[in-house]
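Both chains are given apart, each in its own frame, so use the hints to dock them into the complex.
One letter stands for each residue in the lines below.
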Amino acid sequence: MTAPLAGPSPLIDAHAHFYGDQSGRSDWNDLNAARFRAGDRIGITYHVASVLGSYGFSSPTYFPSPADVSAGNDVMLDIAARERRRVRMYVTVNPNHTEHALREIERCVARGAIGVKLLASRRADDPLLDPIAEVAGERHLPVLHHIWQHRRREWPSQEISDGGDLARLAARHPRTSFILAHIGGGGDYAHTFPAVVDTPNIFPDLSGSGVDRGMLDDAVAALGAARLLWACDLTIETGLAKLRALEVMGLSEDAIADIRWRNAVRLFPERAFAFEARDIAPMSARPAARAPRPA
Amino acid sequence: MTIDVSTFVGSYPFRYVPHPDPDALVRVLDREGIEQAWVGHLPSAFYRDPTSGNRELFTMLANAKRLRPVPAVRPDWPRWELALRDAANAGAPAVRAYPPQWGLGPHDASMRELAVAAGALGMCLILTVRFEDLRQRHAMDVAGDLTAAAIRSLARAGDVVRLVVTAAGREMIEEVHWGLTPAEQERVLWDFSWIWGPPEDQLAKLFRTIGSRRFVFGSQWPLRLVQNPRANLDLLPDDVRDMPLAELNHS
Numbered sequence: 001m002t003a004p005l006a007g008p009s010p011l012i013d014a015h016a017h018f019y020g021d022q023s024g025r026s027d028w029n030d031l032n033a034a035r036f037r038a039g040d041r042i043g044i045t046y047h048v049a050s051v052l053g054s055y056g057f058s059s060p061t062y063f064p065s066p067a068d069v070s071a072g073n074d075v076m077l078d079i080a081a082r083e084r085r086r087v088r089m090y091v092t093v094n095p096n097h098t099e100h101a102l103r104e105i106e107r108c109v110a111r112g113a114i115g116v117k118l119l120a121s122r123r124a125d126d127p128l129l130d131p132i133a134e135v136a137g138e139r140h141l142p143v144l145h146h147i148w149q150h151r152r153r154e155w156p157s158q159e160i161s162d163g164g165d166l167a168r169l170a171a172r173h174p175r176t177s178f179i180l181a182h183i184g185g186g187g188d189y190a191h192t193f194p195a196v197v198d199t200p201n202i203f204p205d206l207s208g209s210g211v212d213r214g215m216l217d218d219a220v221a222a223l224g225a226a227r228l229l230w231a232c233d234l235t236i237e238t239g240l241a242k243l244r245a246l247e248v249m250g251l252s253e254d255a256i257a258d259i260r261w262r263n264a265v266r267l268f269p270e271r272a273f274a275f276e277a278r279d280i281a282p283m284s285a286r287p288a289a290r291a292p293r294p295a
Numbered sequence: 001m002t003i004d005v006s007t008f009v010g011s012y013p014f015r016y017v018p019h020p021d022p023d024a025l026v027r028v029l030d031r032e033g034i035e036q037a038w039v040g041h042l043p044s045a046f047y048r049d050p051t052s053g054n055r056e057l058f059t060m061l062a063n064a065k066r067l068r069p070v071p072a073v074r075p076d077w078p079r080w081e082l083a084l085r086d087a088a089n090a091g092a093p094a095v096r097a098y099p100p101q102w103g104l105g106p107h108d109a110s111m112r113e114l115a116v117a118a119g120a121l122g123m124c125l126i127l128t129v130r131f132e133d134l135r136q137r138h139a140m141d142v143a144g145d146l147t148a149a150a151i152r153s154l155a156r157a158g159d160v161v162r163l164v165v166t167a168a169g170r171e172m173i174e175e176v177h178w179g180l181t182p183a184e185q186e187r188v189l190w191d192f193s194w195i196w197g198p199p200e201d202q203l204a205k206l207f208r209t210i211g212s213r214r215f216v217f218g219s220q221w222p223l224r225l226v227q228n229p230r231a232n233l234d235l236l237p238d239d240v241r242d243m244p245l246a247e248l249n250h251s
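Going line by line, the protein sequences match chains X and Z.
According to my numbering, the first sequence is numbered sequentially starting from 1.
According to my numbering, the second sequence is numbered sequentially starting from 1.
The hints are simulated quantities; they were obtained by calculation from the structure and are not laboratory data.
Just so it is clear, CB atoms sit at the ideal spot from N, CA and C, and this is done for glycine as well.
No false leads were mixed into what you were given.
Facing chain X, from chain Z, some residues (calculated, C-beta under 10 Å):
1) Q136
2) S193
3) G197
4) P198
5) V226
6) D234
Over the 10 Å line for every Cβ pair with chain X, so calculated as not near, a few chain Z residues:
7) G33
8) N63
9) G91
10) G119
11) A149
12) V160
13) E186
14) T209
15) G211
16) S212
17) E247
So that you can see chain Z by itself, here it is in the shape it has in the complex (with noise of 0.2 Å):
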């Protein structure tokens, strides 16, 4: 089963993105045969408070079963937990953080109290490096990529948390892996979103370092093509062609 851990509804700030909600994304999914999708809500990345935009989403997907909402948390905010209590109560399988864009740096106390507590849920917490390439950003889009110390940081936080790190690259990848102990490297999974294929093969490379099984089909619907990871995975070696991505829970 294809669940595809990295996707949106809702409009993005810097440029336009066409058609990003759930009857689009229901029809992609058909096209390309993916049975599910953890959905964030774009704008929540940069709200100050993500509550509405929560709201919001859990609306949007009311009636598309495939589509799990992965609401937003903000652990800086008050009440954060209630927000978190609610995510878990309404069967999300994933929250998500925006560190970079709220402000939260790589140690931030909160972000780890987030962590462990979804983790104690049950849930994943998702973390995006990057929505867009650096090359082409907007002038007041400001915030950076996630760093690799932040990540570690979340990964080392307690034996409950379980990351999912979208849109890292080769590099980031391979840091913060080899950063820490085998027990905290289980806690983090990696969609290959941002990883390049031939000639390089980057995503060969680490399916043969660190192991397919640490990675998971994200594709960063709508604002990237969900064509790219299929197509990455198709073009795999001989070697590691076959190799198994992570399961997750998709019930």
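Isolated chain X, as found in the complex (with noise of 0.2 Å):
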């Protein structure tokens, strides 16, 4: 057995998708074969992951119908029991679709998931989204919410929301966590930063095909480590290669362990992954991160 490319230390992908037949590509299976294959290789402890309806091939992939939502929440239901092991579960629901949202969550909640995923289907201020955000506030369900970093305008295929339409949602619901879609999958992170840094139950998560030099060092910065997440989201080898400059940017010890599990642990709903609580210390116990260096 190789040694873990990212050490032997837990690891939680907080931002992991699977597929299943109804998505409509072949390659399916292999896609969900490579997931594992790779976090294996290095190391991932538990793929927090979401289906997104049908990505495409009978509704929209950012505006599932409630029939794709529903079948897409069965597939990772199946994947989530089947690898109990190292696999944990958002439910994806559509805001549009109120009463079918409340209910998949009812529904998937039951069956062991741990959060919830919203795409861009609505913007992340609008009402809509109250209900979903006091349901995940009182089940202690964080919310993974589709990020464009900074919206300048709008882009097809998506209604985007940025940093400052996400903070006001969660200024609505303080009891709510949101996890901040990937700062690194697209858009001006540079102005997440600073829009959701008074907004303290925002937790931004560092996946996404962009490994922009300078993006971690500032997103620790401005927020501090204990309010950032490890993931991969469609591109793990950038998540490899965040770990790897997290590991000489200066941090300690104890907020690189923030970003790569405990934050995630301290988030969703107790008893979602096999930790003990002894393993995570309390956020006030935490040393502060040294001065970042450029990685």
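What follows is the structure, given as structure tokens:
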């Protein structure tokens, strides 16, 4: 057995996706196998994942129909049940169909979902999201929201939201934790950090294909390690590159552990992962990160 | 021997880039186990006349033997042939050109002349498809990406042409590669700084289809994390993990 590339410490990918035969891709099984292969090679302890409807096959990826939402969640439920050792799931919902969204949350949480996934079906600060955010807060389910870093105009195929939009929703729901998706996933992350710095229940994830030098340094400097989550989304190699960059930035071991897994354990429901409570230092006990060095 | 063919020194006009200087680059090479870097002057891509930028590049790298200067040559500028000759005399392994930033179209005759002239002197011509993701660009950054048509045109310019194309994605690589004859394909090398790894496994697919020897190591430091191309290689599936990259002249 080869040693994990990212070391033996726990590692939680807080933003992952799987596919099923409803996705319209003949290679859907290869994609899932490749995620597990790369995850095992890196040393990912848990993939916290969602299935986004039919990924555009029978309704748009970012505007999935209720039928596709349910079918995608069924696929994800099956994978999470089959791969209990290494997979947890978000329940995906489309807030334009409020009753269906709330029913899906009930249905999937009863079968093990530990978070809610929102796409770009409605602007983040729209009141239609309030009932979903409210239920998520009551049940201690973090809401992973797809984000475009700095919305300067409309883009096709999505109703995009940025950090400012999400901050308005998060301010209305201070009991709910929001994971701001993929700071490296497109748009200007430099806008995101000041947009959410004063909203303490927003936790950006580091995923996305973007590996701009300075992005991680700026994120840590602006928000601190206690508010960042490691994740991969669609590009696992950029996740590994960011882990290696974190190692040379001059962060404390505690800060790196927070980003790698401990922040995720704090955000998701109790006993969502097989870690002991004694493994997680309380937030106030964490030493501050040292001044970052450029990677 | 690992050579990073796509590095720069100097600042970037559209965002702050930390420590884009030769000393930092040498420390990064040491840390990452990279023996040599081919280094361009980042501001020169945005100068109308890169002459002063080339002078600054040679000065900055004068005492760093592992950093090999790759000056920019603008082929529609008077006396560009002298700039190319100076680069060859200085031992540059390659020269850089930035057709979109200089307003040179995909079939620009002067670019074809430069590609042939550089090749005749034993130098590669390095092209940059993009510096940043389209979705984050400054409102003034409107040059656009280098096109596949421009690369095909240069690859067809002559037998001696040697191109190194950096920061291309899978679709562009496939469009160019399969739009060339086998002989023309041999004239083009690609870095994989912008190619996706798992789960899409685009790099693995390209290794299987067009061959690993069409690729070279490039990071686009200081704009992007140097750790990324290495991570991509480390996560290749078993059947392509040990495939060799192209060999470059490192002397």
